[in-house]
Amino acid sequence: EDQVTQSPEALRLQEGESSSLNCSYTVSGLRGLFWYRQDPGKGPEFLFTLYSAGEEKEKERLKATLTKKESFLHITAPKPEDSATYLCAGPGRGNTPLVFGKGTRLSVIA
Amino acid sequence: ETGVTQSPTHLIKTRGQQVTLRCSSQSGHNTVSWYQQALGQGPQFIFQYYREEENGRGNFPPRFSGLQFPNYSSELNVNALELDDSALYLCASTANRAYNEQFFGPGTRLTVL
Chain Y
1 EDQVTQSPEA LRLQEGESSS LNCSYTVSGL RGLFWYRQDP GKGPEFLFTL YSAGEEKEKE
61 RLKATLTKKE SFLHITAPKP EDSATYLCAG PGRGNTPLVF GKGTRLSVIA
Chain W
1 ETGVTQSPTH LIKTRGQQVT LRCSSQSGHN TVSWYQQALG QGPQFIFQYY REEENGRGNF
61 PPRFSGLQFP NYSSELNVNA LELDDSALYL CASTANRAYN EQFFGPGTRL TVL
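Protein chains in written order, with the numbering used here: chain Y, 1 to 110; chain W, 1 to 113.
Wrong hints could be hidden among the right ones.
[Said to hold, decoys possible] Okay, the calculated bits of chain W under chain Y, using three or more residues with CB under 8 Å as the criterion:
no. : segment
1   : 18-27
2   : 68-78
3   : 103-109
[What the hints assert, rightly or not] Residues of chain Y clear of chain W, computed beta-carbon distances all greater than 10 Å:
no. : residue
4   : PRO44
5   : GLU70
6   : GLU81
It is worth saying that the hints were derived from the structure and are not from the lab.
The beta carbon of each residue, even a glycine, is placed where N, CA and C say it ideally should be.
Bound conformation, chain Y alone:
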């Protein structure tokens, strides 16, 4: 069974305190690893797609990296507006487009 596991479940940071979120996956024949941001009660907002080990992508204070078995979302000098749930997803088997992890709930305190 394809699985995407995220850690930690929740993370509380002080403003400016950098950290990383982890996503490990067992999806075979990985055809992309996806990161989304989700604010409470809203739909996920697309952040990044990574396709090959060693690939990195950046957007403002966020940088996503990919190895053969896991991906990291690095948050540098976070601000309170970065508080959200960050979801990781990989393509599922057959016609299942995406298999999601449970997410990491990030709180950044001023």
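Got chain Y sorted already, so can you dock chain W onto it with the hints?
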């Protein structure tokens, strides 16, 4: 460019009733997927529609059904509602059914009493 839109925003139903949720895909996108997201969980795939045909289905019972229209908009229908159907229902569209980069709408919050 118009993003994915969903209606209604919120809905309250009682057990045993039927519900229809609606989704308009992002401009230029021909494939629509539906997901169910329970509180504290990641979205779970329900089914996908491409060119008005169901193109893949997750582990959901037949009382979850859908439609896609010629303009690529879509409906999700749920019959015989159960309490566990309470969730955020998300619609996502993509430009090509083989392309996994999906763009989500704001969701419909369904509460079953």
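Sort out which numbered hints this structure fails and list those numbers smallest first. The structure breaks hints 1, 2, 4; every other hint is satisfied.
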